[in-house]
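S.K.: Here are the chains, one letter per residue:
There are 2 protein chains.
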Amino acid sequence: MAKANVKEQIVATGLELLHSKGFNATSVQDITDAAGVPKGSFYNHFTSKEALGLEVLQRYAEGVSQVAAVLRDRALPPRQRLQQYFERLIAGNAANEFNFGCMLGNFSTELSNQIPAMRSAMREAFAGSTAALAAVIAEGQQEGSISADAPADELADFVNDAWQGAVLRAKAEQSRAPLERFTRMALGRILA
Amino acid sequence: MAKANVKEQIVATGLELLHSKGFNATSVQDITDAAGVPKGSFYNHFTSKEALGLEVLQRYAEGVSQVAAVLRDRALPPRQRLQQYFERLIAGNAANEFNFGCMLGNFSTELSNQIPAMRSAMREAFAGSTAALAAVIAEGQQEGSISADAPADELADFVNDAWQGAVLRAKAEQSRAPLERFTRMALGRILA
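These protein sequences, in sequence, are chains Z and R. Using full-length UniProt numbering, you'd call the opening residue of the first sequence number 1 and step up by one each time. Using full-length UniProt numbering, you'd call the opening residue of the second sequence number 1 and step up by one each time.
Derived by calculation from the structure, the hints in this document are not laboratory data. The beta carbon of each residue, even a glycine, is placed where N, CA and C say it ideally should be. There may be inaccurate statements among the hints.
Partial pick of chain R residues on the chain Z-facing surface, computed with a CB cut under 10 Å [as the list claims (entries may be wrong)]: (1) 23; (2) 45; (3) 51; (4) 102; (5) 105; (6) 111; (7) 119; (8) 173; (9) 190.
With the sequences and hints as input, model every part of the structure.
M.R.: Written out as structure tokens, the structure is:
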């Protein structure tokens with residue numbers, strides 16, 4: 001494999017394993033074995049598993065950001081954009097039968113207290129996802145379809161956190177129910 | 001140390017380390033070293049780290065259940081019980097500067113997809129904490145201080161999940177803000 005391909009293969013396989021099994025349950029050897037590259041080649045590209053974890057987290061956050069593109073689609077009314085966003089997030093979780101959870105949430109609980117650089121990366125990733133939510137909520141408040149009795153930022157942060165909690169519970173119970181409950185409560189009560 | 005004391009020492013130390021560092025980041029040797037007992041003595045009491053993890057989770061859930069006792073204190077109006085319950089949960093997180101998170105949430109994200117017995121234990125623990133919440137919400141609905149336009153069970157499950165998400169975010173950001181936002185939104189909006 002060419003050098004660039006080896007790195008890409010490590011990142012793609014790392015994303016899959018670190019998401020499905022978690023950071024500490026996955027060794028560098030697990031990743032290189034699954035990627036079909038020599039273990040030594042890992043250290044040509046990454047100084048440590050932590051360094052790979054940070055790169056993988058960034059790639060995962062880019063994926064979340066692509067899902068959030070629907071929040072900026074001005075062809076749709078704000079509430080419909082939110083509905084579609086939540087549906088897409090749920091479909092992402094259904095794709096692995098609610099077993100993997102959200103990598104941002106997984107890394108938050110597993111690594112915040114272990115790897116300071118991970119905490120900074122997570123803070124940034126959450127800021128990105130709540131900013132997109134806050135913008136569409138503010139639009140809905142302006143047109144009157146979302147109640148304006150709390151600031152859009154506060155609502156967005158709360159909804160984002162509640163989503164993380166719902167995903168955590170869906171993973172614990174291997175069930176779609178917490179995610180559907182989240183959507184009902186977010187659209188019917190928090191953002192009513 | 002007498003045999004019973006050794007076991008208790010392992011459980012107490014295991015609770016501390018598995019909560020603060022996580023399950024996979026903690027070895028049996030870490031626990032026996034910190035507990036000041038020989039590594040071999042671990043296996044006189046537990047067949048595996050998993051077995052200790054399950055016992056520790058049960059003890060942690062008992063602690064949560066003690067905090068939840070205020071929810072059953074009929075000397076206080078339902079909303080005041082909820083307020084005090086949330087305050088106590090926040091104080092618990094403040095005691096470790098928002099670094100440890102909730103062990104139920106941590107184990108949910110780290111272990112649900114790895115240890116089937118852990119998933120069952122978590123499901124049970126969540127069922128216990130939401131039942132206590134649902135009962136006080138139902139009381140509030142009956143007396144008219146909590147809106148009755150959603151079933152108490154649904155509200156309790158959502159509030160419990162949203163709490164887990166708030167704790168996860170508080171851990172990621174090492175901040176009290178997500179927990180205070182949770183309380184404002186839970187009492188001011190979800191259970192209004």
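S.K.: State for each hint whether it applies.
M.R.: Evaluation of the provided hints:
Taking 10 Å as the C-beta cut-off, the interface hint given for residue 23 of chain R holds, the closest approach to chain Z being about 8 Å. Among the interface hints, the one on residue 45 of chain R is violated; its C-beta lies about 24 Å from the nearest C-beta in chain Z, farther than the 10 Å criterion. For residue 51 of chain R, the interface hint is violated, the least distance from its beta-carbon to any beta-carbon of chain Z being 18 Å, above 10 Å. Interface restraint check for residue 102 of chain R: the shortest CB-CB distance to chain Z comes to about 9 Å, inside 10 Å, so the restraint holds.
For residue 105 of chain R, the suggested interface contact is upheld, since its CB lies about 6 Å from the closest CB of chain Z, less than 10 Å. Nearest Cβ of chain Z to the Cβ of residue 111 of chain R: about 8 Å, under the 10 Å cut. The hint holds. At a threshold of 10 Å, the smallest CB-CB gap from residue 119 of chain R to chain Z is about 6 Å, leaving the interface hint in force. Nearest Cβ of chain Z to the Cβ of residue 173 of chain R: about 5 Å, under the 10 Å cut. The hint holds.
For residue 190 of chain R, the suggested interface contact is upheld, since its CB lies about 6 Å from the closest CB of chain Z, less than 10 Å.
The structure is inconsistent with the numbered hints 2, 3, although it conforms to all the rest.
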